[in-house]
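Full structure from sequences and hints, please.
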Amino acid sequence: VLLRVICSPPQNYPLYIRSIPTENELKFHYTVHTSLDVVDEKISAMGKALVDQRELYLGLLYPTEDYKVYGYVTNSKVKFVMVVDSSNTALRDNEIRSMFRKLHNSYTDIMCNPFYNPGDRIQSRAFDNMVNSMMVQVC
Amino acid sequence: MADEALFLLLHNEMVAGLYRAAEQGEGENGRCTTKLESMGFRVGQGLIERFTKDTARFKDELDIMKFICKDFWTTVFKKQIDNLRTNHQGIYVLQDNKFRLLTQISAGKQYLEHAPKYLAFTCGLIRGGLSNLGIKSIVTAEVSSMPACK
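Each protein sequence line maps, in turn, to chains P and U. Mapping of the first sequence onto the UniProt record's numbering: residues 1 to 139, in sequence order. Mapping of the second sequence onto the UniProt record's numbering: residues 1 to 150, in sequence order.
No false leads were mixed into what you were given.
The calculated DSBU-like cross-link candidates involving lysine-lysine, where the alpha carbons are at most 30 Å apart (straight line), are:
id, chain 1, residue 1, chain 2, residue 2
1, U, 66, U, 78
2, U, 53, P, 68
3, U, 70, P, 77
4, U, 79, U, 66
5, U, 53, U, 70
6, U, 136, P, 77
None of these hints come from the bench; they were simulated from the model.
Structure below.
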């Protein structure tokens, strides 16, 4: 079970959402939205402490089920949020990080596409394929 | 070094082409500069995304300006900004004594009044880069003697 959302600053609306399986989407939307607040908190609190741009946190234990939520913020203030089922303990830190790097790379490619206006929803097939392959890998 | 010449020539042709189209079409001179600047804006956004992909997070505005002066300028124009001044209240002056896009045009005061046309794209480039990093800005350029510009 995975959900991937990218949000853009400063309006914080999602540019891209994908999840497997596809039911319970509303719950995922809610989870991601609340996690955005935590992300903002972390950015403002960081100050001089962390120089690295990746950010990882475990949290948001939902009443009925367990989820782990990971966040990642780029220098251009675009936030990536990933929600993973807690029962899926095979996912390690490195894998999450490499997934975020792949996301970031694909996002950069989209930005450089002259037909893409920053702020639109992401509709690129290459991006979809990349996300699909990542999710298939995990499930 | 062939890739530099490519961009230089393309840029000059862009400026010339836009102005030619304006004369034949609307006759609106002010809009050409805006078009050039907006082109630079969009390009700047994409470029900045690529360049900041692997760098560490920026701590504050001054950090971002330094990044622009060193890494960004080096990657785009193959040299660094010669001088950066600030009044610590939000105004930064970047001085480049041998601006790449102007060196081929003249080394004195000959074509001074045409210089702003060639700076519009770069102003947009900087503005786009800064806006993607979260800074709203106004970028202006002035040329007192080619090929230096502020």
